[in-house]
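Chains X and S are the protein sequences, given in the same order. Note that numbering that gives the first Met the number 0 has the first sequence beginning at 0, numbered continuously upward. Note that numbering that gives the first Met the number 0 has the second sequence beginning at 0, numbered continuously upward.
Everything labelled a hint here was simulated from the structure, so no lab data went into it. The C-beta atom is built at its ideal place from N, Cα and C for all residues, glycine as well. Mixed in with the good hints, there may be bad ones.
Said to hold, decoys possible - In silico DMTMM-like pairs for lysine to aspartate or glutamate, Cα to Cα no more than 25 Å straight-line:
1) X:Lys45 <-> S:Glu124
2) S:Lys131 <-> X:Glu67
3) S:Lys7 <-> S:Glu41
4) S:Lys70 <-> X:Glu76
5) X:Lys38 <-> S:Glu99
6) S:Lys8 <-> S:Asp37
7) X:Lys17 <-> S:Glu156
8) X:Lys17 <-> S:Glu155
9) S:Lys137 <-> X:Glu9
10) S:Lys127 <-> X:Asp51
11) S:Lys100 <-> X:Glu67
12) X:Lys45 <-> S:Asp150
13) X:Lys45 <-> S:Glu119
14) X:Lys45 <-> S:Asp98
15) S:Lys113 <-> X:Glu52
16) S:Lys127 <-> X:Asp26
17) X:Lys64 <-> S:Glu124
18) S:Lys54 <-> S:Asp150
19) X:Lys45 <-> S:Asp121
20) X:Lys16 <-> S:Asp150
21) X:Lys45 <-> S:Asp151
22) S:Lys7 <-> X:Glu76
23) S:Lys137 <-> X:Glu59
24) S:Lys70 <-> X:Asp58
25) S:Lys185 <-> X:Asp51
26) S:Lys104 <-> X:Asp51
27) X:Lys17 <-> S:Glu138
28) S:Lys104 <-> X:Glu9
29) X:Lys79 <-> S:Glu51
30) X:Lys64 <-> S:Glu41
31) X:Lys38 <-> S:Glu155
32) S:Lys185 <-> X:Asp58
33) X:Lys16 <-> S:Asp181
34) S:Lys185 <-> X:Glu52
35) X:Lys16 <-> S:Glu184
36) S:Lys137 <-> X:Asp51
37) S:Lys8 <-> X:Glu67
Unchecked claim - From the structure, some residues in chain X lie toward chain S, with a derived Cβ separation under 10 Å:
38) Ile5
39) Cys7
40) Gln46
Take a look at the letters that make up each chain.
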Amino acid sequence: MKKVMISCEEATAMVVKKHSEPLTFSDRLRLWMHLAICKLCALFAKQSQIIDEAAASLDESIPAKMPESARARILQELQK
Amino acid sequence: MTETNDTKKIISDLFHQHADLLYNYAITRINDLQQAEDLVQETFISALKNYENFKGESKASTWLIAILKNKIIDIYRKKVREFKQESLDTLAFTDNYFDEKGHWKKGSYPGPWKSDAIDEQDRDEFYKILQKCLSRLKEIQRIAFVMKHLDDAETEEICKELEITASNYWVLIHRAKLQLRDCLEKNWINV
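Let the sequences and hints guide you as you build the complete structure.
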C-alpha cells in the first residue's frame with residue numbers, strides 16, 4: 000500500500016513526469032491532494048509549465064547572428 | 000571530391016540563407032560557441048558531399064537541420080558516455096532543494112513570479128535568461144532537457160540515444176527543472 004501523503008520532492012518529480020507521460024490514477028490522486036495543500040509545490044507546478052512552454056519555442060526566440068569571421072571561414076571551406 | 004562548381008554555388012547560397020538559423024539551433028544545444036560554429040561548418044560540408052541525396056522533398060532548411068541534429072546527437076552520446084554511471088547515480092543528491100524528509104528547504108522555497116504567464120514585453124528577456132540558465136546546468140542535465148523540451152523527443156528515445164535508464168532520466172529532468180526554476184527566479188530581474 001503506497002502512502003497517501005507524498006513529500007514535496009516526490010510531488011515535484013511527479014509534476015515533471017506528468018508533462019511527459021500520464022501518471023497512474025493513484026499518483027494523480029496523491030499529486031492532486033499534495034498540490035491542494037502545498038502552495039510551494041503548486042507554484043512550482045505553474046512555473047514548471049511556463050518553463051516548458053518557453054523551452055518549446057526557444058528556437059524561434061533569440062535570433063543570434065553568426066559572427067562574420069566564422070561566416071567567412073566557412074564560405075572559404077565550401078569553395079575548396 | 001567531385002563536387003561540381005554548380006553544387007558549390009548551391010550550397011554557398013544555402014549557407015547565406017540559412018547560416019544564422021543553423022547557428023542558432025547549434026548554440027541553443029551546444030554550450031560552446033566555437034563548437035557550434037564548427038558544427039555548422041561540418042553540416043554544410045556534409046551537405047556539399049551529399050547533395051545528390053537531397054531530393055528536394057523537404058525544404059532545404061529542414062534537410063540542413065536534420066544533418067546538424069545528427070551531429071549534435073553524436074556529441075551528446077559521447078558526452079553522456081564520458082559521464083560515469085556512478086556520477087549519474089549521485090546526481091539525485093547534489094544541489095538538493097529538499098531536506099531529508101523531502102520538504103522544501105528554507106531558502107529554496109519557490110517564490111511568486113511577476114505573472115502567471117510571460118507576456119509579450121517580457122518575452123525576449125525571459126528567453127535570454129532561460130538560455131543563460133540552461134547553459135548553467137550540468138551538461139548531462141542540459142542534454143536531457145534539450146532533447147525533451149526543445150526537440151520534443153519521447154522518453155524512450157532519449158534513454159536509448161543516451162544509453163541511460165528511465166530512472167536516471169527522470170532524475171536528470173527533475174533536477175534540471177528545479178535548477179532552471181531557481182535560476183530563472185533569481186535572474187528574472189523584472190519580478
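These are the hints, each one checked on the structure:
Of the supplied pair hints, the one linking Lys45 of chain X and Glu124 of chain S holds, its CA atoms being roughly 19 Å apart against a limit of 25 Å. In summary, the hint linking Lys131 of chain S to Glu67 of chain X is supported, as the alpha carbons are separated by about 23 Å, within the 25 Å threshold. The straight-line distance between the Cα atoms of Lys7 of chain S and Glu41 of chain S is roughly 14 Å, inside the 25 Å bound, and the hint therefore holds. Distance check on the hinted pair: Lys70 of chain S and Glu76 of chain X sit about 18 Å apart at the alpha-carbon level, within 25 Å; holds.
Distance check on the hinted pair: Lys38 of chain X and Glu99 of chain S sit about 20 Å apart at the alpha-carbon level, within 25 Å; holds. Restraint check for Lys8 of chain S and Asp37 of chain S: the C-alpha separation of about 20 Å stays at or below 25 Å, so the hint holds. Straight-line distance between C-alpha atoms of Lys17 of chain X and Glu156 of chain S comes to about 17 Å, which keeps the hinted pair within the 25 Å bound. With a C-alpha separation of about 15 Å, the suggested pairing of Lys17 of chain X with Glu155 of chain S holds against the 25 Å cut-off.
Distance hint between Lys137 of chain S and Glu9 of chain X is fulfilled; the C-alpha atoms sit about 22 Å from each other, no more than 25 Å. Between Lys127 of chain S and Asp51 of chain X the CA atoms are separated by roughly 15 Å; this keeps the pair inside 25 Å, and the hint holds. Distance check on the hinted pair: Lys100 of chain S and Glu67 of chain X sit about 54 Å apart at the alpha-carbon level, beyond 25 Å; violated. The suggested pairing of Lys45 of chain X with Asp150 of chain S holds, with an alpha-carbon distance near 22 Å, which does not exceed 25 Å.
Only pairs whose Cα atoms come within 25 Å are accepted, and Lys45 of chain X paired with Glu119 of chain S is accepted, the gap being roughly 18 Å. A hinted pair counts as satisfied when its Cα atoms are at most 25 Å apart, and Lys45 of chain X with Asp98 of chain S qualifies at roughly 22 Å. Between Lys113 of chain S and Glu52 of chain X the alpha-carbon distance is near 17 Å, which keeps this suggested pair within the 25 Å criterion. For the proposed pair Lys127 of chain S and Asp26 of chain X, the alpha carbon gap of about 35 Å is over 25 Å, so the pair is violated.
Taking the CA atoms of Lys64 of chain X and Glu124 of chain S, the gap is near 17 Å; set against the 25 Å cutoff, the hint holds. Between Lys54 of chain S and Asp150 of chain S the CA atoms are separated by roughly 24 Å; this keeps the pair inside 25 Å, and the hint holds. For the hint pairing Lys45 of chain X with Asp121 of chain S, the CA-to-CA distance comes to about 17 Å; that is within 25 Å, so the pair holds. Restraint check for Lys16 of chain X and Asp150 of chain S: satisfied, since their Cα atoms lie roughly 17 Å apart, inside the 25 Å limit.
Between Lys45 of chain X and Asp151 of chain S the CA atoms are separated by roughly 20 Å; this keeps the pair inside 25 Å, and the hint holds. Annotation: proposed proximity of Lys7 of chain S to Glu76 of chain X holds, straight-line Cα distance about 10 Å (limit 25 Å). A hinted pair counts as satisfied when its Cα atoms are at most 25 Å apart, and Lys137 of chain S with Glu59 of chain X qualifies at roughly 24 Å. With a C-alpha separation of about 17 Å, the suggested pair Lys70 of chain S and Asp58 of chain X falls inside the 25 Å cut-off, and the hint holds.
With a C-alpha separation of about 18 Å, the suggested pair Lys185 of chain S and Asp51 of chain X falls inside the 25 Å cut-off, and the hint holds. Restraint check for Lys104 of chain S and Asp51 of chain X: the C-alpha separation of about 24 Å stays at or below 25 Å, so the hint holds. A hinted pair counts as satisfied when its Cα atoms are at most 25 Å apart, and Lys17 of chain X with Glu138 of chain S qualifies at roughly 23 Å. The suggested pairing of Lys104 of chain S with Glu9 of chain X holds, with an alpha-carbon distance near 14 Å, which does not exceed 25 Å.
Between Lys79 of chain X and Glu51 of chain S, the direct Cα distance comes to roughly 18 Å. Compliance with the 25 Å bound is thereby established for this hinted pair. Simply put, Lys64 of chain X and Glu41 of chain S have alpha-carbon atoms about 18 Å apart, close enough for the 25 Å limit, and the pair holds. With a C-alpha separation of about 32 Å, the suggested pairing of Lys38 of chain X with Glu155 of chain S is violated against the 25 Å cut-off. Proximity of Lys185 of chain S to Asp58 of chain X is assessed by CA-CA distance (about 23 Å); at most 25 Å being required, the pair is judged to hold.
Among the hinted pairs, Lys16 of chain X with Asp181 of chain S is consistent with the structure: their alpha-carbon atoms are about 18 Å apart, no more than 25 Å. Restraint check for Lys185 of chain S and Glu52 of chain X: satisfied, since their Cα atoms lie roughly 19 Å apart, inside the 25 Å limit. For the suggested pair Lys16 of chain X and Glu184 of chain S, the alpha carbons sit about 21 Å apart, so the restraint of at most 25 Å is met. Restraint check for Lys137 of chain S and Asp51 of chain X: satisfied, since their Cα atoms lie roughly 18 Å apart, inside the 25 Å limit.
Between Lys8 of chain S and Glu67 of chain X, the direct Cα distance comes to roughly 19 Å. Compliance with the 25 Å bound is thereby established for this hinted pair. At a threshold of 10 Å, the smallest CB-CB gap from Ile5 of chain X to chain S is about 8 Å, leaving the interface hint in force. At a threshold of 10 Å, the smallest CB-CB gap from Cys7 of chain X to chain S is about 5 Å, leaving the interface hint in force. Among the interface hints, the one on Gln46 of chain X holds; its C-beta lies about 5 Å from the nearest C-beta in chain S, closer than the 10 Å criterion.
Checked against the numbered hints given earlier, the structure breaks hints 11, 16 and 31 and satisfies all the rest.
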